[in-house]
Structure formats: C-alpha cells, structure tokens
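Peer 1: Residues per chain are reported as follows:
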Amino acid sequence: MSIAAQTLPTVGLEPRLVGLTNALRRHGVVAGTSDVIDAAAVITTLGMEDRERLREGLAAALTRRGGQRQVYDDLFDIWFPAALGSRSALDDDPDLPDDPAERRAIAARLRADLVEALAAGDQRALDELAARVVSELGRLGNDSTTGSWSSAQALDILQPQLAITAALARLQDAADGIPGGSGDGSGGSAGAGSGTGGPPSGQGFADRFTRDELRAAVAAFRRRVEVETRRRNAEARGPERISRYAVRPPVEQTPFLLAGATEVEELRRTIAPLAKKLASRMAARRRRAQRGEIDIRKTLRRSMSTGGVPMRPALKSRSPHRPDLVLLCDMSSSVAGFSRFTILLMQALAGQFRRVRIFGFVNICDELTEVVLHAPPGADLTPVFRDTARMTRWHRNSDYGSTLAHFVEHHLDAIGNRTSVLILGDARTNNTDPRADALEEIVARAKHVDWLNPEAPSQWGTGDSVAPLYARHVDMHECANAVQLRQFIDRLTL
Amino acid sequence: MTDNRRVTDRFTSVDDVCRGLAEAGYLASDAIATTTFLADRLGKPLLVEGPAGVGKTELAKAVARATGARLIRLQCYEGVDEARALYEWNHAKQLLRITASKGAGDHGGEWDALRDNIFTEEFLLARPLLEAVRSPEPVVLLVDELDKADVEIEGLLLEILSDFQVTVPELGTIAATQRPFVVLTSNATRELSEALRRRCLFLHIDYPSPELEQQIVAQHVPGLSAAHAESVVRLVGRLRELRLRKSPSVAETVDWARTLLALGSAEMSEAVVRDNLGVLLKHQDDIVRATKALDL
Numbered sequence: 001m002s003i004a005a006q007t008l009p010t011v012g013l014e015p016r017l018v019g020l021t022n023a024l025r026r027h028g029v030v031a032g033t034s035d036v037i038d039a040a041a042v043i044t045t046l047g048m049e050d051r052e053r054l055r056e057g058l059a060a061a062l063t064r065r066g067g068q069r070q071v072y073d074d075l076f077d078i079w080f081p082a083a084l085g086s087r088s089a090l091d092d093d094p095d096l097p098d099d100p101a102e103r104r105a106i107a108a109r110l111r112a113d114l115v116e117a118l119a120a121g122d123q124r125a126l127d128e129l130a131a132r133v134v135s136e137l138g139r140l141g142n143d144s145t146t147g148s149w150s151s152a153q154a155l156d157i158l159q160p161q162l163a164i165t166a167a168l169a170r171l172q173d174a175a176d177g178i179p180g181g182s183g184d185g186s187g188g189s190a191g192a193g194s195g196t197g198g199p200p201s202g203q204g205f206a207d208r209f210t211r212d213e214l215r216a217a218v219a220a221f222r223r224r225v226e227v228e229t230r231r232r233n234a235e236a237r238g239p240e241r242i243s244r245y246a247v248r249p250p251v252e253q254t255p256f257l258l259a260g261a262t263e264v265e266e267l268r269r270t271i272a273p274l275a276k277k278l279a280s281r282m283a284a285r286r287r288r289a290q291r292g293e294i295d296i297r298k299t300l301r302r303s304m305s306t307g308g309v310p311m312r313p314a315l316k317s318r319s320p321h322r323p324d325l326v327l328l329c330d331m332s333s334s335v336a337g338f339s340r341f342t343i344l345l346m347q348a349l350a351g352q353f354r355r356v357r358i359f360g361f362v363n364i365c366d367e368l369t370e371v372v373l374h375a376p377p378g379a380d381l382t383p384v385f386r387d388t389a390r391m392t393r394w395h396r397n398s399d400y401g402s403t404l405a406h407f408v409e410h411h412l413d414a415i416g417n418r419t420s421v422l423i424l425g426d427a428r429t430n431n432t433d434p435r436a437d438a439l440e441e442i443v444a445r446a447k448h449v450d451w452l453n454p455e456a457p458s459q460w461g462t463g464d465s466v467a468p469l470y471a472r473h474v475d476m477h478e479c480a481n482a483v484q485l486r487q488f489i490d491r492l493t494l
Numbered sequence: 495m496t497d498n499r500r501v502t503d504r505f506t507s508v509d510d511v512c513r514g515l516a517e518a519g520y521l522a523s524d525a526i527a528t529t530t531f532l533a534d535r536l537g538k539p540l541l542v543e544g545p546a547g548v549g550k551t552e553l554a555k556a557v558a559r560a561t562g563a564r565l566i567r568l569q570c571y572e573g574v575d576e577a578r579a580l581y582e583w584n585h586a587k588q589l590l591r592i593t594a595s596k597g598a599g600d601h602g603g604e605w606d607a608l609r610d611n612i613f614t615e616e617f618l619l620a621r622p623l624l625e626a627v628r629s630p631e632p633v634v635l636l637v638d639e640l641d642k643a644d645v646e647i648e649g650l651l652l653e654i655l656s657d658f659q660v661t662v663p664e665l666g667t668i669a670a671t672q673r674p675f676v677v678l679t680s681n682a683t684r685e686l687s688e689a690l691r692r693r694c695l696f697l698h699i700d701y702p703s704p705e706l707e708q709q710i711v712a713q714h715v716p717g718l719s720a721a722h723a724e725s726v727v728r729l730v731g732r733l734r735e736l737r738l739r740k741s742p743s744v745a746e747t748v749d750w751a752r753t754l755l756a757l758g759s760a761e762m763s764e765a766v767v768r769d770n771l772g773v774l775l776k777h778q779d780d781i782v783r784a785t786k787a788l789d790l
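Those protein sequence lines, which keep their order, are chains A and B. Residue 100 in my numbering sits at position 100 of the first sequence, and the numbers go up by one each step. Residue 555 in my numbering sits at position 61 of the second sequence, and the numbers go up by one each step.
One chain only, chain B, in its complex shape (with noise of 0.2 Å):
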C-alpha cells in the first residue's frame, strides 16, 4: 500500500527500541521489542493482550517518551461511542450561538450564512481518535482495554486504522499527515473481531520471566539488596503457579518489595509473609489458598 504520508522510523533496529524503552524506564523482554520494531517498520497497529498489570499500557506510555511523541489516549468502556472516541458537535454552543443571531435580527435569507457559521471547527469538539489524526506532530495512539467496548466501537476503529482518515460530513474530509503509532490493548474478557486482529500485529505480554523481574525490582526499588529481590521474585513465581482467582502482577511484586523494605526485616520469614500476604493477593479465598499450599 502506497503511503504519501511523511514516514519517519521511530526506530533503527531492535536494540535501539530495547536501549530507547530502558531509558524511558520500562525494561522490555526481547519479545516486545522486536514486535515494536516490527510496528514501527511495518507501519502496523499494535495488539497487545495480556493478564491484568503486565506494562501494556505502560509500553505506550514507554513508547512516547522514547521517541518524543505526544501520548494521546482513549480510554473505552461499555458504551464508549464515535461522540466519545470521535468527535461531536458542541451542541450548547450552537444552540447559544443561532439564539444570539436571532437577537441580533437576522432573518430569512441568511440561513445559509448561519449554517456555516454553525458548523466549523469551533464548533467541533475533538475527541482522541480525531485529535491524533489531526494531529501535525508524531503521535502515539492508545487505545486502552479496547475489549470492554462494544462492536461497534471496533467496526469505526477498522475504517481508522485503515485509512488513517475521518470524514466529517459537514468539514469534509480530514487525512493524518503522518502515521500514528497505535497500540491497543485488551485483557481478553471479550473476543476481538477477526477483522480488527487481521489488521494488527499481536503481542502477548505474560509475566516477565525471572531474571527480567528481578531487574524491574531493582530498578523501583533501588534499596533492597539482591538477595531479597530474589526471594521476592521467587515467592511471587510461585504464587502464579498456584491457579489463583487473581495472580500478582508486576506491580504487586514491586509492591512487596517495598513493603519489605520499608518493614526493614533482616529476611523474609513466614510471620512476614503470612501477615502481608494482602499486598500480593486481593482475594481472600486466594489467601487462604496461598497460605494453605505454601505451609505458613
């Protein structure tokens, strides 16, 4: 597909996305950063589908503050629609503006001035999708927990990410002039239509493997020595193997490591464990699954 668009690649190679990522301060597994790469290059959207607190949205947030783009960010749920991820027409304002026109005394022939009065852009209140299209600067685009939306949220998505163009009926049409960097993101509660995952790149996040985890530790919580980031990455392993209602995340783990710190203990003993279990599982059947397979 020929693209007129000014193209410029965030990214020279692999190890440059690892090194921008890592100065943004998010440490990205090999995997995620060659899919970026390969989003960057191939001019793709990127899905990325994980469980809950894995740095799905923080790998935008990385991503914008690598390369020096602009965050833009829509945020779905149930019922999100094209007045909330579009644009829409400030209707009060309208409605103020042909209310002052009347008190002024115009009347008849000059609807057609009114019209067009009524109808531009400051009147048009953008929302995120057509803010990045607009948009003249680089831009990255998320689209966050894009499975609580509904179908015909995806069904609008489609023609935009195709395109990378809006039409609005009363403007005419508007073209991006240079290509968004798009991540989207999904905890899977719902299926995405095939048409939607056709056209992007996936990504699966899962937990970070060990030694990756310990990194993350060391970097958010500089203090604790790297044995207990050890034992803190082991323990939280652990838990996600037991089939837990809702197993720690990254960030739970950072959580207890500073939870250990700031208790100042010389180790991680049971009676530690046992009574901040809370900081890693929110569910008390999960607790007391825990502390039942773990012996406390």
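Just chain A, with the same shape it has in the complex (with noise of 0.2 Å):
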C-alpha cells in the first residue's frame, strides 16, 4: 500500500525513511542508495530516544551541501513528527467563532501569552503556545488540497509583530527595576540564564538590540507556527501530498528573475564556488600533474657544475595556465532579476581569470570591467551603470543586431585564440535586425562561446526572440536557476 493511502501513524519505520528520501530528491537534494543505507546505520547507532540528535544524524547522511538544510529541515519534520494528533492536554481542538470579535479576543490573549514568553525567552512555552495558536486559529473552513489547517490564516489572526511592543516595554521595565518583570535584557536569545536578580551592568549599549532580537524571535515564531501547521496537515493528508506542495524549495531552485534581496545573498554564496568552478573547466586541460618526476635535461645541465656528476636533481615545473573570459551581458529591464544575477556572477568571476574584460549592453555595448572589479562585493551597481556606461544610443529597447555589429566594430580586439566568451540574455531583439553574420564574426575569432538564456527552451523563438537563429552559431543552455547553472559548468566541454 502507497503511503499517500496511509495515515502517518501507521507507517513503520523503514517507508518513513525512504519516503524522506524520496521526498528529498524531489526537492533536488540527490541523496541515493548508499547515502539511505547511511542513514538506516544512523538510525541503528543513534536509536529513536532523542529526536533533535536523530535529526542531525540524518542530516549528516543524507545532504551534502548547507544550503539543503533549510529543505531538509521541514521534510524531517513532515515525515518524522514530534508528536500526533493535537498537542494540548485536551482531546479536541476548538472550533474557530466566526464573529470578528471573537476572534480578536482569541488573539488578544494568545498575544499576551506571547508577550510573557518573549520576555522570558522560554523556549519550550513558545513552542507550546505555537500549537495552541494553530490549534484555536488555524483550522479552515473549507478544507482545501493541502488540508484543513492554515498558518496563514492564523498568523494574520494572531498578528505577533504587535507583542514585539509590549514584549519591549515588558524588558525595560525589568531592566528598571520594576517588580513585574521577568530575567534581564536579553530578548528572546539566552533561555535557561536569565534568572540573575537585579539589573544588570555593562548592558546599556547592548540594549539597543533588544528590539532586533524581539524581531528575530517573532520571525522564529512564526516558523514554528508553519511547521506545526504542515504537521497537523501530514497527518491528515499524508506526508507526499504536503512534502511536494507546501515546502519551500531550497534557494538554489529560485528562478534568477524572481530572486528577491534576500535570496540575492544566499545566491551569492552558491555562484562564488560555481565560478570557481568554471574557471577551472574552462582551463586547458593541464598536464598530468607532476609527481616531482625529474626533468633529465635540466638536471645533466646543472651537473655541469659539479663536474659531470650530478647532485642536485632538477624537478619538472608545472605552470597553472589561466584563460581569458569576456562577458557580454543584457542589461535591458526586460530581465531584471537576472541582471541582478548577472553583477554576482560578474564579480564572481572577476576573481577567477587571468584577464577578465565585462561588457554591458542593451543596443549598444560599453566596458564595465572597471567599475565592477572595484566595486565591493554584494553591491546594487545598476544605478553606477546608469550613470557611467553608455550602453543605449538613440531609443532604450533592446537590439542585439547592433549590439553585435557594435561589438565586432569597436571591441572585437579584446577576443584573442584563448578567450572564452559567455553572452548572457534572452535574445529578445525587438524585430530588428539580428545580424548574426556578427556573431559568426565572434565566434570564429573566439576559442569558445556560450550563451546562457534565462528564459526556457520552449519559450525561444516566441515573440521577438530570435534564440533559434542564434543557438545554430553558438551553444546556448537555459539558465534560470543556480542548479541549472551548477548543470552548465558540469557539462561543459572545451
């Protein structure tokens, strides 16, 4: 029997984990066979008594990289639940009044529970609280696909960022000296250590934190709300159904043109090591490295010091050969998410070859190498491009055609027999003309070049795309996330 058949209770031990796993992989995070034999060895070892050391455990055998973590994370707690059913001493969950009233009242009082938990940073109440809140606010009234619980809904009843106020007033009376407060200035952060009497000293210009801690424990909060929510929803669902649809993708997965700016960081710890990476593709393929063989003819040269005699052994030098790179990149706001990708892997890359030379164009193309090598790392550089590069003469649309004819007019010099060329965009060109005679300019003079296209493959060609005609000159890859990126480097041959 499937396990989306099965309730989650009944499902032994083995499915669970192997269901985790497959619901892993279905997120992108690969782990296979041996890595699941791992992870049952893990579970013979550590065995079921301590739940947060099996989570780690697992999370040793079965990712590989930190950033599958946060994934990892809610799939565990889908498939190997804290506990079943409602988790109040009480049988049943209360049905949620209609009357908006109510409803505040609800909330007003869970929100005061919240104040007291904040201030004392007692972490095993907030979790308490998180189900209770679930519990009271969160049921729907038409199930839906996902089931019949929403942390949605209850968090917009329950609206916690109104305790961060009086969690706040809360503390500093404490801090004052005021009877009625509990543990000292220290937010939602040091948990079992707070019971010292007295105010404090040497907190006073720690307690300018204190707000930004208040935040980050009602951010937490209501994570904890959401997980609690996709189990009650597992239960009553089966864990398949919520792991594929109510779990957030990990960042890698993100699609460039929707990345956020707090994806943008994330984004940039996954591309440095990609760069990396293709740089070292991209290499000539160096010589079978060295094992201090001997280099005869060096070595019979300096015997002729030592009279024919030879003392001192000359070892094979290997020099490591670093290639050129020129980057041309659509900086039209037609793909502005991906223009913003397109700076990261810009500084990137930057780093990693001998000479790197960065192009920006929308219908003609200028050199940004300077500003972007100077620039520091993670900055916004749009607004810099707008004021120093000209990269638009005459209209502000995108035409590759002239962009191309400009390239090859003015800066085709900076293409030489060892440099690789990346071209970034989306090939969308305004019905005009797309000059491919330029391309092919380029590419004859160019060792290797490829196009990365944000835009998906069955997508090229609609509208004024004019990617077929040019993926008959050159490679063109879909690019639209850092997995597909990671696929390009992989793939890439000279």
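It is possible that some hints are incorrect.
Partial list, derived from the structure: chain B residues whose beta carbon lies under 10 Å from chain A [what the hints assert, rightly or not]:
(1) His585
(2) Gln588
(3) Leu590
(4) Leu686
(5) Glu688
(6) Arg691
(7) Gly731
(8) Arg732
Think of the hints as simulated: they come from the structure by calculation, not from any bench. Backbone N, C-alpha and C fix where the C-beta goes; we use that ideal spot for every residue, glycine too.
Using the hints, build the complex out of the two chains.
Peer 2: Here is the structure:
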C-alpha cells in the first residue's frame, strides 16, 4: 500500500525513511541509495530516543551542502513529526468562531501569552504556544487540497508583530528594577540563564539590540507555527502530498528572475564556488600532475657545475594556466532580475580568470570591467551603470543586432584565440535585424562561445526572440536558477 | 563492507563525545557531537564545512586530544600534488648512493643489487597520507582546506579513503592496520566532487548559538563578568546579521572579550565600541557599514 493511502501514524520506520529520501530527491537534494543505507545505519546507531540528535544524524548522511539544510529540516518535521494529533491535554481542538470580535479576543489572549514567553526567552513555552495558536486559530472553514489547517490564517489573526512593543516594554521595566518583569534584557535569545537578580551592569550599550532580537524571535515563532501546521496537515492528508506542495524549495532552485533581495545573498554564496569551477573547467587541460618527476635535461645541465656528477636533481615544474574570459551581458529592463544574477556572476568570475573583460549592452555595448572590479561585493551596481556606462543609443529598447555589430566594430580586439566568451541574455531583439553574421565573426575568433538564456527552451523563438537563429552558431543553454548554472558548468566541454 | 582491521570505538556515546571534547577544551554543540560520534561508529570520514573561524580545524585537534591519538595534518593549497601529499623518493639521496657505489667500483651485473638498494624505506619520504596509513597507533588525519586544492588531489583521496591502502610500485601495497579518524575541512570556496561528498558524512558548522558562545567566552576569558560576556555576544550577533564582507567569527568574539578585559572599562559604551571595532571587523568598508547600522 502506498504511503499516500496510509495515514502517517501507521507507517513503519523503513517506508518512512524511504519516503523522506524520495521527498528530498523531488526537491533537488540528491540522496543516493548508499546514502539511504548510511541513514539506516545512523538510526540503528543513535536509536530513537532523542529526536534532535536523530535529526542531526540523518542530516549528516542525507544532505551534502549547507544550502540544503532548510529543505531537509522542513521535510524531517513532516516525516518524523514531534507528536501526533493535537499536542494539548484536551482531546479536541476548539472551533474557530466566525465573529471578528471574538476572534480578536482569542488573538489578544494568545498575544499576551506570547509577550510573556518572549520576555522570558522560554523556548518550551514558545513551542507550546505555537501548537495552541494553530489549534485555536488555524482551522480552515473548508478543507483545501493541502489540508484543513492554515498557518497564514492563524498568523493573520494573531498578528504576532504587535507583541514586540509590549515585550520590549516588559523587558525595559525589568531592567529598571520595576517588579512584574522577568529576566534581564536579553530578549528571546538567552534561555535558561536569565534569572539573575537586579538590573545588570554593562548592558546599557547592548540594550539597543533588544528590539532586533525580539523581531528575530517573532520570526522564529512564525516559523514554528508553519512547522506545526505542516505537521497537522501531513497527518490528515498524508506526508507525500504535503512534502510536494507545502515545502519551500531550496534557494538553488529559485529562478533568478524572481530572486528578491534576501535571496541575493544566498545566491552570492552559491555562485562564488561555481565561478571557480567554471574557471577550472574552461582552463586548458593541464598536464598530468607532475609527481616530482625528474627533468633529465635540467639535471644534466646542472651537473655541469659539479663535474658531470648529478648532485642536485631538477624537478619538472608545472605552471598553471588561466584563460581569458569576455562577458557580454544584457542589461535591459526585460531581464531585470536576471541582471542582478548577472552582476553577481560578473563579480564572482572577475577574480577567477587571468584577464576578464565585461561588457554590458542594451543596444550598444560598453565596457564595465573597471566598475565591476572595484565595487564591493554584493553591491547593487545598476544605478552605477546607468550613470557611467553608455549602453543605449537613440532609444532604450534592446537590439541584439546592433549590439553585436557595435562590438565587432569597436571591441573585437578583446577576443583572442585563448578567449572564452559568455553571452548572457534572452535574445529578444524587438524585431530588429539580428545580425547573425556579427555573431559568426565573434565565434570564429574566440576559442569558445556559450550563451546563457534565462528563458525555457519552449519560449525560444516566440515573439521577438531570435534565440533559435543564434543557437545555430553558438551553444545556447537555459540558465534560470543556480541548479541549471551548475549543470551548465558540469557539462562544459572544450 | 567487512573489515578485518582492528576497529576500536573511540567513543561510547554522544554524551561521551561531549564530555571528552569539553575536557579537551572544545565546547561542541549537540549537532557536532552527534556527527562526530556517527563518524567514529560508522567508520566514515567527516566533511566539515562552514565559515572561517568557527572551529573546524579545532574539532580535529580536540578529537585527537580527547582520544589520545596522534594528529597528522595535511594542509592543502593550490598545486598540492601526490609528492606533497602521499610520498616522494628522496632523489638527492638516491643520486648520492649511486655516485658513492660508482666510486667504490661496482659495475655491470651489480645493477639488480643497486636497484634494490636505492628503492628501500631509507629513501622514501613519507608524507601525511602515507604516514596515516602506516601508523601502528591510533591516529586522527586532518585534511585542512580541501577546497584550496585541485581536483586531482580529490581523486587521490578517494582512493585512500575507500580502502585505506597505498600502493608504492617499488615497495608493494601498504595497508592500514587500524582505521584513522579522518576529518576534511572546507571553506566552500570551491565545489567538491560528488564522489568525495558521497563517501563522507556531512557536517555544517555555523556560528554557535548565543548560549554556547557565551560559554566559550567564559572558558577562554575567565576574568570577564557574565553580564559583559552577554553584551559581547549580543553585539557580535547583531554584527553577523548585517551583510558584511567578513562576519566576525568565534575567534574574533574571544578577542573582543579580551579587549574589554584589557581596557578594564566598567561597561561597554559607544566610544569603546567605535574605537575598537577593528578588533571585530577586518575590512574598512565593513567598519563603515557597521558604524552606520549601529548608530555609533
């Protein structure tokens, strides 16, 4: 019987582990069969007494990168839940009244408890409170496909951010010595150690952080509510369905075009090692590592000074070879999100290649190398480009044909026979002349040309995209998220 | 995989690991202790990733101290190859030997004897990996900063980590008598190959929780009061939330605590922080950004 048909409490340990692994694979965390066997060995070694330790142990066997941990945690909470049913001592969950005033009353009561828990920094109370919030506020009127509990609804009614001010006031009272507060000014972070009597000294400066710490604690509380909701839903609907729909995909799979400011930082950390890998893949095949091989000729030459007797052996030396790279990037507004990724990639690559030259274009191209190399990492360069670079002429629409022609006319000397060229753009040229002959010239001169297109192949050729025409001359690859970038780099052949 | 080697379990339980590491001076979180225990029990290498300065190398040293094993360290850098990692023949000595025997007048049919003479243990320079394989006593092998090395070294490591035996063509195959505890550290500046990742247990060490960090500060800087230690940890926690080029790590927290102690200030004030921000942040643009964000 498949797991979807069974409800979770009746599923045994082996199918549970296999279910977790399958769910991980569906979200891009590739855990192979040997990893599953290792995970089983972990369970045998650790036993099932401590849930948190089991979580860490299985993570060690099944995950391979730090970025996968978030997805793994969500799925672990679904497949190995902390409890069954509602966690309170009561048997049923109360019904949610329809009257808004009554709802606000319930929310206010829960919020008061939240303020107390935040001020005390009590993690266990926050856990229990999250369960109560879901139980009292989270039930949906109609069952949706993903279950009858909704964290969005519960958090909407509760409005936990309103608790921050009250908790802050409570903590400041406590710090000033007014009775009725609890603990010292340490917000939600320091757990058990906050029972010291009297206001602490030396905290005057650090008190300015209390508000931010409370905000972080409230964000953590929101996540707890989400985890609890998923657990309840998984019980009712089966873990497979909830794994498929209710878990946020890892940042690796977030399309670049949709990446917001918070994901950009994660993206930067993911892209930097990929850039290094790209550099090493593009380098000409190095000679096999010289294992301290003796260079006979040099040794004999050295032996001349010692009368023909070789006294000091000379070893073969190996000089690393770094290639050149030319980047040609579309900076138009149609690929605004993509251009943020492009800038990250520019900065990451700038450090890896011997000589890198970066050109941006909308309908003519201009060199951006200096700006990119001297900017601090992670800075937003779009306004800088707008001020300093001339990438548009006569109008602001993309024109790939005129860009390529302009490049061939003015910057073709940047490309030598050891240069690799990377073009980043969507090939949407507003129905102008695509000038494939200019692209041919570039291809003829360079060692290798690749095109990274943020659109799916099904959209190449639709509308004003001339991607199929360009694809006849260069290798065009889809590159919409970090996973595809990694695949492109892995498959790169010289 | 059946293993005829003598397998001695170094730790009896996760709590044993915690205690052992604490006695060796390393305060480990539960995650670290669990994964270390598993690496020992399952006999798999431990791949440790994380930002710089969180204690990846220290973990290997602490495990060596806690189990009374010898620590063998291979520091990787760009261009490290088999000669630096595995073994090398001492060519100079070999040439001298040849020259010496030539001088003594041996010729012709003595070639066999000569060949056997110059390819012996005496002329073999054992590098860390071979040392770890040959060692008769328990050993902890630390391969530090693996991401700085090239892809070729990973192939070499794969071979060693799977069978723990090394083949030197002239001397034969040398197999390990006991299984070393292997720790690989990486700063994630380069993507490690999938085959290597598959063979290891993965541990991501992030910055410690505030409670743990306070304990670490208390251990390294015992003269500082608890309230001061707490404010130190809170300041560093706030700085880590800002997106700086180089976030302060645990080592910098301890340095800051020592600074406070040395300055002898009654409390941590704005002036103290502003003047000594260079202890925590090592880039000028980071200092500028932090000053603005903290309203100093």
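Peer 1: Can the hint on Gly731(B) be confirmed by a CB-to-CB distance to chain A that is less than 10 Å?
Peer 2: holds (7 Å)
Peer 1: Is the interface hint for Arg732(B) satisfied, with its Cβ closer than 10 Å to some Cβ of chain A?
Peer 2: Constraint on Arg732(B) satisfied, holds at 5 Å.
Peer 1: Does the CB of Glu688(B) sit less than 10 Å away from some CB of chain A?
Peer 2: holds (8 Å)
Peer 1: How about Leu686(B): closest beta carbon in chain A under 10 Å, or not?
Peer 2: holds (9 Å)
Peer 1: Holds or violated: the hint that Arg691(B) contacts chain A, with Cβ atoms closer than 10 Å.
Peer 2: holds (5 Å)
Peer 1: Let me know if the C-beta of Gln588(B) comes in closer than 10 Å to any C-beta of chain A, holds or violated.
Peer 2: holds (9 Å)
Peer 1: Does the closest beta carbon of chain A sit nearer than 10 Å to the beta carbon of Leu590(B)?
Peer 2: With Cβ-Cβ at 8 Å, under 10 Å, it holds.
Peer 1: So, as I understand it, the hint says His585(B) touches chain A; can you test that by seeing if any CB pair is closer than 10 Å?
Peer 2: Where the cut-off is 10 Å and the nearest Cβ of chain A is about 4 Å from His585(B), the hint holds.
Violated hints are absent here; each numbered hint is respected by the structure.
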